[in-house]
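Build the full structure now, drawing on both the sequences and the hints.
First to last, the sequence lines map onto chains D and C. Here the first sequence is numbered in this note's numbering, starting from 58 and rising by one per residue. Here the second sequence is numbered in this note's numbering, starting from 58 and rising by one per residue.
There may be inaccurate statements among the hints.
Because identical chains share one entry, a pair is satisfied inside a single copy or across any pair of copies.
[To be verified] Derived DSBU-like pairs (lysine-lysine); straight-line CA-CA distance at most 30 angstroms:
#, residue 1, residue 2
1, Lys287, Lys386
2, Lys267, Lys134
3, Lys97, Lys80
4, Lys80, Lys366
5, Lys287, Lys62
6, Lys287, Lys366
7, Lys384, Lys283
8, Lys283, Lys386
9, Lys382, Lys270
10, Lys287, Lys382
11, Lys97, Lys373
Just so you know, the hints here were simulated from the structure itself, not pulled from any lab data. A quick note: this is a predicted structure, and the numbers were derived from the prediction, not measured.
Protein chains: 2
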Amino acid sequence: MIDYKLHIPGPVNVSSGAYQALKTPVMGHRSPDFVDLYNKCQPLLQKLFQTEDPVFLCTSSAWGAMEGAVRNLTKKKTLCCTCGAFSDKWIDVVQRCDKEVDALSVEWGKHIDPNALDEKLSSGEYDLVTLVHNETSCGMMNPLEDIMKVLAKYPDVLSVVDTVSSFSVVPIQKDLLGIDVLLTGSQKALALPPGLALLSVSERAFERAKTIKGRGYYFDFLEFLKNHEKGMTPSTPVIPLIHGLLYTLESIFEEGVENRFQRHEQLNNQVHQWIDSKGFELLPEKKFASKSLSCVKNNLEMDVAGFVKALREEKKLAIDGGYGKIKGKTFRISNMGNEDNQSIEFLLNQMDDIIHRFLPS
Amino acid sequence: MIDYKLHIPGPVNVSSGAYQALKTPVMGHRSPDFVDLYNKCQPLLQKLFQTEDPVFLCTSSAWGAMEGAVRNLTKKKTLCCTCGAFSDKWIDVVQRCDKEVDALSVEWGKHIDPNALDEKLSSGEYDLVTLVHNETSCGMMNPLEDIMKVLAKYPDVLSVVDTVSSFSVVPIQKDLLGIDVLLTGSQKALALPPGLALLSVSERAFERAKTIKGRGYYFDFLEFLKNHEKGMTPSTPVIPLIHGLLYTLESIFEEGVENRFQRHEQLNNQVHQWIDSKGFELLPEKKFASKSLSCVKNNLEMDVAGFVKALREEKKLAIDGGYGKIKGKTFRISNMGNEDNQSIEFLLNQMDDIIHRFLPS
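Next up, the structure:
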C-alpha cells in the first residue's frame, strides 16, 4: 500500500467518500437495480457534458473509447491533431486499426492552430478529426472553441475530442460547439480510480457509424445506444466505479459546477505563482496553459528525478517528473480533483522545504 | 443499495474482504508500486491458469478480450462452437469484426461433440476455434479435454476458450491441453466485482498476431506482451480490481486450489440433490452439468418469475429466472465464489419455504 498522496496528473488522489462508494454491493447488470443506478447517473452526466445526446459508460481506459471512435467513424482518412505524447499516440492507434491517417503536428507544448487545421481540412481528404483538448503530457490546453468553429465549416468531418484531463475543470459545451464525440476517463479530473471511460456521441456520429463495417462489438456506438435506451451497457460494466461515479456526480453538483470551475482556476493560479516565484517557466504559452495541471519547464536545471523522489519519500507527496521525451526537462503538478487552497498550499510549502537541495548551487 | 444476496450466475456475491481491497489507495500505473502489484499477481495467476505463458490484466468485460482474440488471431475463418446464449453471441462478434465465421451448433443445453468438431476442422477452412467451456446460460460444461485432443490434430487452428464461469471452479490445464487463449472475467467464479478480464496467451498465438493487420491498440496481444515484460498494462488499468484480484488470489491459495475445486463440487451436488428432491430436472445431461451453477429445467411448470421475485423480496436472495430464449423455462442457481455448505443450505431452505406457492396445485 502506498504511503504518499498523488499530485501527479492522473490517477489523482481519490476521496474517502469515493472509495467508500466502491464498496456498495454489486447487483446484476441486467436487473432493475442497475437500470436505476444508470438512470440516476444519466441526467447528471448530460448536464455536465452540456449535451442532450446520451452519455455512455464504457468499461475501459479512455484509449478504449478513443479506438472505438476510430473504428466507428472513419472510412476515408483521419486527421490527428498532435501536440504531445497522447495526441501523438492517436496516429499509431488509427494505423493499428488499419485505417488511413495524417497528422497536423505542432511541437510539444504548442497549441493547434485553427488556421492550419482549416487549410488541412479544405483538401476534402478527411472525414474525422481527433483532438486532445488538454494535452496532459505538456500541460497545454488547445483553443477548443476556435478549433470547433473551423470544424463547423466541414459538416462531413466528424470530431472526437479527448477531454480526459479537462472535463469538469473548465466548461465544455458539447452541443453548442458541435463536438461529435466528447470523451473522458474516470481517474483524472473526476478523481475516481481508473477503469471507466465516459463518452457522449452525436446523432450524426450514429448515422456515420451505421455506414461503417468492422466496428466490432465491444466499442460499437450503436450497441451502446441500443443498450442505453434500456438503461444498460452492452457488456457487463465495472459496477463499483459506476457507484463511485454517482457519488462523484452528486458531489460535483453539491459544490456547484461553476464553483468547481472557479476552484480549479484558483488552485491552478496558486501553482503558477509558485512557479513564477521560483524563477521557473511553464512549458506552454501562458495563454494556452492547462487549468488542470502545470507542466513546468526545467529552465533552472534542477535535478528533477532527485526532487520528485525526495518529495515522495520524505514528504509523502507524489508529483510527476515529466513524460516521455520531456522527462527531466519538465515536471508536472496536478490541481485536479478535490484539492483546495490548503492542500495545494501544503504541497507547495513541502516542495519549498527541500527544493534547494536539487537546484544547482 | 440492494438489500439481497446474489446467487445469480454472475456477478456473484463479493466478500467483505474483497470489497475492502477495492479501497486500497490507487497509485500511478507507471510507478514501481504498480509494477510491484502486477508482479505479485502474476505468479499466482500463472499457477491458477496452469501455464508458463503470461496472464494479462485487461480492463474490460470478458467480451472485450474475446473480441480481442478475434481481432488478433484469425485471417481465414473462425469456427464458433455454439451451445447457448454466450457461445451463440460469439458468431455475431466475429461478424462485427468483419471476419469470416461458421458455427458448429448444438441445441442449448447439449454439449459440443468432439467428433463433429473433428469433421468440421478436417475441411481445412478454419484458423481459429472459439469455445465457451461452461455455457452459463444453460449450466452446461463442455468436455474440454476431448475437444482439445481434436484441436491438437490441427496445429494451424488456434483455440480461444472462455472459462468465465468455470475458471477456478474446476482444474483447467492450459499448457497441457494446448489452449492458445484462456480467458475469464472477474465477476463469476473469482467473486470479484465486474470490470476486469484475465487472459493467458500462447507463444504461437503471439506468432499468429504478428501476421495480422487491424488488431487495434486496446486489445492488441503484442502490446499486452510488451507491457507485461515491464510489469505493466498497455492502458491505464482498473487498479481497484487489481487490488481485489491480489486479495482473491491470496485467499484462493490459502484455501488451497484442490480444496476449492472440491468445495465447488460438493456445493454443486448439494444443489443437485435439492433439484432431484423437488422432482425438477437439470437442463443438460448430468454428465455435462456445470459445477459452477445449476440450470434447472422447469418441468414442473412453476411460476418461475413469481418465485424468483418472492425469493428476492421476501427472503432477500437473488437467483436467476432463466436467460434469453429459455427464460421462464429454466431457472439458475449459482454456487460460485465464496459459498459454503451453510450458505447453500440456507438458500435451499429459504427456497423450500416459499416454492409451494408457485407450483401448480
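Evaluation of the provided hints:
| no. | hint | in the structure |
| --- | --- | --- |
| 1 | Lys287 to Lys386 | between (50 angstroms within a copy, 24 angstroms between copies) |
| 2 | Lys267 to Lys134 | both (17 angstroms within a copy, 24 angstroms between copies) |
| 3 | Lys97 to Lys80 | both (18 angstroms within a copy, 23 angstroms between copies) |
| 4 | Lys80 to Lys366 | between (32 angstroms within a copy, 25 angstroms between copies) |
| 5 | Lys287 to Lys62 | between (40 angstroms within a copy, 24 angstroms between copies) |
| 6 | Lys287 to Lys366 | between (49 angstroms within a copy, 20 angstroms between copies) |
| 7 | Lys384 to Lys283 | between (44 angstroms within a copy, 21 angstroms between copies) |
| 8 | Lys283 to Lys386 | between (47 angstroms within a copy, 26 angstroms between copies) |
| 9 | Lys382 to Lys270 | between (37 angstroms within a copy, 28 angstroms between copies) |
| 10 | Lys287 to Lys382 | between (45 angstroms within a copy, 18 angstroms between copies) |
| 11 | Lys97 to Lys373 | between (37 angstroms within a copy, 23 angstroms between copies) |
Going through the hint list in order, the structure satisfies each hint without exception.
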